[in-house]
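> Here are the chains, one letter per residue:
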Amino acid sequence: MSGEHHHDHDHEHEHHHEATSIEEAGGCAVGLTGTITGFNADAEARFAKALMQVGQWVTKESGCLLGHIKAAIVTDKGNGVTLNLTDLDNGVEHHGTLDPQEKVHFDFMCAVLDVDEHELKHQMYHAIDDTGLDYELEEHVECHCHDHDHHHHHDGEECHCHDHDHEHHHHHDGEECHCHDHDHEHHHHDDGHHHGDGECHCPECEAKKTRKESAEKKEKKSFLDRLRRKKE
Amino acid sequence: MYVYILGGFLGSGKTTLLMKLASMYTKRGLKTALVVNESGSIGVDGATLKAEGYDAVELPDGCICCSLSSTLQSALKNIKSDIDPDIIIIEPTGLALPHKVKELVHVSMIEEEDTYIIGVADIQRFEDLIKKKEQFFKMQMSKADFILINKMDLAKPGQLEEVSGWLKKEYPDKPIMPISAKTDENIDKLYEMMR
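Protein chains in written order, with numbering that gives the first Met the number 0: chain X, 0 to 231; chain S, 0 to 194.
Nothing false has been slipped in among the hints.
Listed next, the in silico BS3-like pairs over lysine-lysine satisfying Cα-Cα at most 30 Å (straight line): (1) X:48 / S:131; (2) S:181 / X:48; (3) X:102 / S:49; (4) S:130 / X:59.
These aren't lab readings, by the way, just hints derived from the structure by calculation.
Let the hints inform the model, and build the full structure from the sequences given.
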């Protein structure tokens, strides 16, 4: 026995994350699944349009469509049609045929390069929504894009609704956004003015301010009154 | 038993080729098993194959060359013991590295010399792919036994020569053949090449 101890495990362990091939390629894959009520040739065409919409977004985002966007629309028995988009110029390829159905299942998937995975899912969700189909997703996708009231402006009138100095962002499913949890209401002004001092002097705001001040005074008065009465 | 692995980027036409090969082997009277893999949680290729009358083992939600490697091994072992096919055709995702799949096939008790990688290159998007992901494409093709230039029916004038030239320069020892899995151009020549 030499008396020497070999400390085979004395070296520092380094944990290496071995990149998956998807990570290595810089790609991502996203899927949405759900049902469509009232399927027919028009619904198939609308769904194909959703694929094109996502394809156009990917092309805009990454410069070209490297990857594929697919959908399978099937009955309970598993028969149905599949849609495949790999090139915007070629358009969406349709495989198989399906007679009009009361209800069908759909799988919508997209595997592409150089786009943000969550943004891609968001775009896919919007593309389905824009089809106008009577659809239901299996997974709850939270989107707050349209959670505010839309309004319009007369010609020449400016809109300051989107004058935030923060960037827009998105949230994972189930995650809440507190960015807009202000306790004040947004409004716009017909004369298109804005405020450098952070205070708004429009008649509505001025009236609100007066009401608030008089309420505060009233409250102060009643408090002093109470204190005075107590002393007496 | 022979195993064919279809390696190629997303949208290069692997599923269309898979269906052609499955149909060809069935006509030859050979028992053929199909394995399709998709990186998304939702598998669409399985539905495509089913719509066209083929049955396939679907392995979605990951990549069989990395995150789903053990799933592939058990699937292959089950196919071997339950079906015992003459041919297995594996279609990994378009983001998989086919040589890693080949290693896993070998681990699953299938002889390495009976496993072939067919590289599939998409002529239509070849330029974009090389511009953006040349290294990754080379990794996908590096261990291919032969390379098919697919979608030759969509090639622009001069494009076929350009792509073949590039591939021949990169892979001088590999047989390279233009085909169209969709319109069947050169598909008979491909059948002759395959066992």
